[in-house]
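Undergrad: Residue-level listing of the chains:
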Amino acid sequence: MAAPLSDRVRRIVADVLDVSVASISPDSSPETVDTWDSVHHLNLVLALEQEFGLQFEPEEIDQMKDMQRILAILGSKVPQG
Amino acid sequence: MAIAIQPHTEERIPAVKAFNQRLAAGGIAPEFHFPESNIPCWLPKRDGRRIYQEYYLAVDGENVRGAFILKFQEFSVGGETRTIVYYHLPISEGIVNQAYASVGVFMLRSATKMQPVLFALGMGGFDRPLPTMLKAMGWSLSAVPFYFRVHHPAAFLRQIAGLRQSAGRRALAGIASVTGTGWLGIKALHWLRTKRSVPGVEASAVASFGSWADELWRQCSPLYPLIADRRGDTLNVLYPPGKNFASLRITRGSETLGWAVVLDTQMRHNKYFGNLRVGTLADCLASPENAPAVLQAATRVLEERGVDLIIANHSHAAWGDAFQSAGYLQGPSNFIFAASKPLAEKLTPFETTRNLVYFMRGDGDGPVNL
Chain H
2 MAAPLSDRVR RIVADVLDVS VASISPDSSP ETVDTWDSVH HLNLVLALEQ EFGLQFEPEE
62 IDQMKDMQRI LAILGSKVPQ G
Chain L
1214 MAIAIQPHTE ERIPAVKAFN QRLAAGGIAP EFHFPESNIP CWLPKRDGRR IYQEYYLAVD
1274 GENVRGAFIL KFQEFSVGGE TRTIVYYHLP ISEGIVNQAY ASVGVFMLRS ATKMQPVLFA
1334 LGMGGFDRPL PTMLKAMGWS LSAVPFYFRV HHPAAFLRQI AGLRQSAGRR ALAGIASVTG
1394 TGWLGIKALH WLRTKRSVPG VEASAVASFG SWADELWRQC SPLYPLIADR RGDTLNVLYP
1454 PGKNFASLRI TRGSETLGWA VVLDTQMRHN KYFGNLRVGT LADCLASPEN APAVLQAATR
1514 VLEERGVDLI IANHSHAAWG DAFQSAGYLQ GPSNFIFAAS KPLAEKLTPF ETTRNLVYFM
1574 RGDGDGPVNL
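Protein chains in written order, with my numbering: chain H, 2 to 82; chain L, 1214 to 1583.
The hints are simulated quantities; they were obtained by calculation from the structure and are not laboratory data. One or more hints might be untrue.
To be verified - Where chain L lies over chain H, by a calculated footprint (3+ residues, C-beta under 8 angstroms):
1. 37 to 50
2. 71 to 80
Claimed, not checked - Output of the computed footprint for chain H on chain L, the stretches with three or more beta carbons under 8 angstroms from beta carbons of chain H:
3. 1305 to 1316
4. 1343 to 1350
Claimed, not checked - Chain H is nowhere near these chain L residues, computed Cβ spacing over 12 angstroms in every case:
5. Asn-1251
6. Gly-1279
7. Ala-1324
8. Asp-1427
9. Glu-1558
By construction, the Cβ of each residue, glycine as well, lies at the ideal position given by its N, Cα and C atoms.
If we strip away everything but chain L, and leave its shape as in the complex, we get (with noise of 0.2 angstroms):
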């Protein structure tokens, strides 16, 4: 029997619920089985939206096996608008069952035919089956630098202790090896680091994204080689109010500077953080210029919070260096980009223009597992 992609539909429930079943005998974790259900929890189509989901399915006669998502988004591109896909949670049964080796291919060959304008985010790091495969097709590959800053260094150092055994300590234990893992040393470093703030910056959290936000879009896109829509009602379906992140406007006197939306997250035996409480910077907009000033006004509200560790990935170098001034160090990325051939030929030469892509954790799946 051939195998087909078809649209993840009602009645495909069953054999999506069977095809998890045969992936959890075979060891996989429940956060890599797919949604069962057809309809996304997360960005469901709607009318008018212009972002949304799709679900996929490899369907073998009544069989499903394998699944991916497509996440549609418009995008600013060199300044002009345009819908670019994100291929997301590909999963094959040839991880538990080496007769499906060709699904994961034939996928993403499937997939790249559907949608030539591809990218993917994330994906645990360059060494994980995902990247391999897409980087052997061609695609090209960036890591996206991760920033962090501890606050609580005694917090932080006992969570190290603890974590140090465990299989899930790389997270911690890549920061402890750029601070040292000292104390003192950890303060000393933030201190030197951080630049004198910006005067006269506020955050306010607001609970929508109004008519500010898309003037702020409208000056700040095409300053930017690619960059994900963030106007007003896309930032409303991506961050509604009631979830367990804080929207936040950054403004000096009558100016909007910019925008970020943060999370404070009190983290219980978490893999990779144990139990310190960690803030996001999930997602932000500023012009380059006002990146120091909004990153500072974001990074004080999580401050006086009382989180442990704030942590975020940019992949901007002009947010790079403010991260940086504002006190952020740098330590080793698994949250990789990777841009199909047509993708990346709109990017030439990719290898300069993939440190001015605009790239953060809210763009792939969303602040999830934070």
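Okay, chain H solo, but in the shape it has when bound (with noise of 0.2 angstroms):
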């Protein structure tokens, strides 16, 4: 059975910003995670396109500013189970 998907997200973002998997709260943004500047953003958009197959439209990307609303845009955009 497939983790759910805060779960897949939260690993992803941590894995990319090199930080731990239990800093990642639904607050955290770049704002809060000093890894998290402009180029770690791309590889963060980078990274869960990969993971889910899918891209996002430039109104989303702006969008993805902490992971509450991440989270919110892939909900919307990956089937769940």
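Each chain sits in its own coordinate frame; assemble them with the hints.
TA: The structure is reproduced here in structure tokens:
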């Protein structure tokens, strides 16, 4: 059985930003995670696209300002069984 | 508030000024600030022009959070003419405020959506943020080789010594690492490399590019798989008379072999070149066959003007050979050509074609900073 969406995303975010999974919360954002800069944000976008086999629209990338909104966008694009 | 990409307009000038002020407060040097005027001072869009720039802003309500420039220019691609767009000077507030970390990606994705066949040029090296982002997004990257020829080794060596401790020494230090920095070594290397000059070739300064340039373009453009439009009217926009460069028509008898645009700049405390007098071969055109003659003629003009050093970038392999036969050495290059996926697909296989595309310093931001 696949892990819940939020667990998969937290793992990817932690991996890309080189922080522990435990440190990633719904409020995590570029303002709260030191390593979350422009280049890491791109890497995060690309990692999520690869993991879920999709491509974000520019407007969706703009909305990905914290974990909560990333999960909301993914929730609307990824079928969850 | 969602960010949206909008063209720069007169009403947005105060917001761009405020954006630049926030960049300045974050320690960003003025050369990386965005132009405040909505009308480009270089290559504005005018009726009938095939080459022009447009400014775009990432607008967040009343605020500007990022900006970039698109330069529209016709290219010959495999012998067919089509517009290809140069993506440059992307600046995001994310570089001074991580709250806007997404703006850089947003702008790049938006630009790619607006104009899929994009390229970027220059950028300062593979390790800089923009090339890093482009590579991550699947763009194809290649360094445009850098060539140089030292004419006054003593002056060159003095500047090397002066710049050795400075942060901006990379260009000269890179050249020095190739030459070994010795006076005799530099002279010997250039002498050994220089092949016999092509006889009967003359360079004459011209005020503008006429029908002879159109004829040369017609002959040469099919010889290169990707080359920016170099017809006379475009060249007269890019290199108008009265600026700090010289346009040279290179002939042998009544035959036009090519042309070159050269700069002769006395640097003053320049972070890369100290106080050297630097000659730049900013742009040129000829068939690969006539490249050695054109390079030798342009080099001779700069040499006679008394420059200490001549520099150039050129992506084409045959031109690389011509530079070496004209006594130039190849140094480390931080001038990067990056092709978006749709552009790279037109250049398949990129690993081979990247050595056949035609890019020089004049193709990107033009002969600036030189």
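Undergrad: For each hint, tell me whether it holds in the structure or not.
TA: Now the hints, each set against the structure:
1. 37 to 50: holds (count 10)
2. 71 to 80: Since 0 is below three, the answer is violated.
3. 1305 to 1316: Coverage by chain H holds here, the residue count being 9 at a Cβ distance below 8 angstroms.
4. 1343 to 1350: holds (count 4)
5. Asn-1251: Non-interface label stands for Asn-1251/L: nearest chain H Cβ at 22 angstroms, farther than 12 angstroms.
6. Gly-1279: The claim breaks: Gly-1279/L does not keep its Cβ more than 12 angstroms from every Cβ of chain H (closest is about 10 angstroms).
7. Ala-1324: Non-interface label on Ala-1324/L violated, nearest chain H Cβ at 9 angstroms vs cutoff 12 angstroms.
8. Asp-1427: The assertion about Asp-1427/L holds, with a minimum of 40 angstroms to chain H.
9. Glu-1558: Glu-1558/L clear of chain H: closest Cβ-Cβ about 17 angstroms, beyond 12 angstroms.
Hint compliance for this structure: hints 2, 6 and 7 are not met, and every other hint is.
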